[in-house]
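**Q** Next come the chains, spelled out residue by residue.
Number of protein chains: 2
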Amino acid sequence: MALIEAVPNVSEGRRAPVIQALAAAVRGQPGVTLLDVSSDAAHNRTVFTLVGPPNELHSALLSLYAVAIEAIDLRSHTGEHPRIGAVDVVPLVPLTVADMGVCVSAATALAQAVAARFDIPVYMYGRAARVPERERLELVRRGEFEGLASKMSEHSWRPDFGPHRPHPSAGASAIGARKILIAFNVNLRTADLGIARQIARLIRASSGGLPAVKAIGVRTENREIVQVSINLVDHETTALHTVFAAVEDEARRRGVVVEGSEIVGLAPAVALLSTAAHCLGLRDVTMDQVLDCRLPR
Amino acid sequence: MALIEAVPNVSEGRRAPVIQALAAAVRGQPGVTLLDVSSDAAHNRTVFTLVGPPNELHSALLSLYAVAIEAIDLRSHTGEHPRIGAVDVVPLVPLTVADMGVCVSAATALAQAVAARFDIPVYMYGRAARVPERERLELVRRGEFEGLASKMSEHSWRPDFGPHRPHPSAGASAIGARKILIAFNVNLRTADLGIARQIARLIRASSGGLPAVKAIGVRTENREIVQVSINLVDHETTALHTVFAAVEDEARRRGVVVEGSEIVGLAPAVALLSTAAHCLGLRDVTMDQVLDCRLPR
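Chains as they are written, first to last, in my numbering: chain A, 1 to 297; chain B, 1001 to 1297.
Just chain A, with the same shape it has in the complex (with noise of 0.2 angstroms):
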């Protein structure tokens, strides 16, 4: 059975019943499975994981869709994370037997419908993008919610679905396909915004760092913690440890302590076997030694 996994991020991280109803939403649609919902409400932003088979996560994203909706309105948002709408991104990731051109088609037929239900414009990004400036999120993303109806009324803007104007309070939409990808924050004790960006910058792949890593820095509820936020959009191009000891590193430098870090929800098990393997002088370790993928079920 061809498996895509979906991860809306929803522009609302601190209103409880709201992020239930959204959840509720997706829970109730058979064939898929909800496996992890991550809030942070400085970011004020919920990423949500589901995985199914590519009709039956249209129709559960769809409802997820209706939902946020009607139950955000960007023009009183505010938090941490740059956004241009209520259902900020959607990438869609090829599992089991699916693969990218089956995300891309699937991106496709969920933009166009969410297009038309909504009236909501949609650009197409990442793997699925139809515009090779749109191939990057954050340029899409650039100028955010606020600047999203002046950016669209340049002719290069236009979206790839809908109407040629933000939707009043859920903004616009972006829509993709892509790899794995693990949201990784790390943690630094200081009320310094300014060396998380820096660190940021450093190790990002747009700025000449490392290859497959884009990174923030932003402030966290703690005021005395500052997070620079990556995604690791390739962790077989750069590990999950080579980018921990990159941020270690410029922070030590700085003499500023990592205070912890956190994924955000869900990391492929390779990603984290090669990092155990790392960190064990391990040669030769392969998914097949770890004992719970083997298991008959």
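Calculated from the structure, these hints are not laboratory results. Just so you know, these numbers come straight off a predicted model, no measurement behind them. No residue lacks a Cβ here, since even glycine has one placed at the ideal position from N, Cα and C. None of the hints are false.
Simulated coverage check for chain B against chain A, where a stretch passes if three residues somewhere in it have a Cβ under 8 angstroms from a Cβ of chain A:
id	region
1	1033-1039
2	1238-1245
3	1254-1265
4	1270-1280
5	1288-1295
Footprint (simulated), chain B over chain A, 3 or more residues, beta carbon under 8 angstroms:
id	region
6	29-41
7	232-245
8	270-283
Given the structure of chain A, go ahead and fit chain B onto it with the hints provided.
**A** Just chain B now, kept in the frame of chain A:
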């Protein structure tokens, strides 16, 4: 369904046709899955990992004994690893649903059957030990095959089942129940076996080192490399990365380079996750965040 893991250690790590025949004996049993076969020529020993429900596992193990006893003669067996018999030791480990009690019962049933069918003395060890001194496998194995006849003439070393003398070619067998164990070897770039033995002594629990760690120093196939061969009997008590760091530290003090390490057979995902978490400064990461473990099948 109650699942038990069995990890028979057989005293043959060199003759491929014998190893294949042993594997075939296990594979011939419906309901049992052979997860891993790890042979080591220097140890002259093969570790099989199989899982299944208690009854099916019982039959598969008896078939394995039959092939081993037919093919292996301890009188001409040499190897780095201590051993008392052709099927040297068979631990049973509780997995899903099964608890330690199920494994102790299964170990007892297997011991009775092996003694009756093959006329081999069997010692019960670990959680299935019937005499406190036999809880520790290394004491059961002390003196090895070569010292078995004289050891068995002592009243205190009468076996739990079977004849009061070694089987002429197959020796004796230890059958027991225990928690999941991780077999972890660290290689050192030196020809000096004394250094591996020294480090093994320093880190093992029995001489005041790390709790839950058993370790010996052994030679490898490569004369320039010796090995600290470790059994971690409770990875929740002492983490894999703690063991590795201890060996690395002791090696560094002696000016010896750690050449890499290996996991023999399988390791539970949670032990590897905990090492990855340590390496990444992760707080609160759980198995629920490992994507592969969450996918519907």
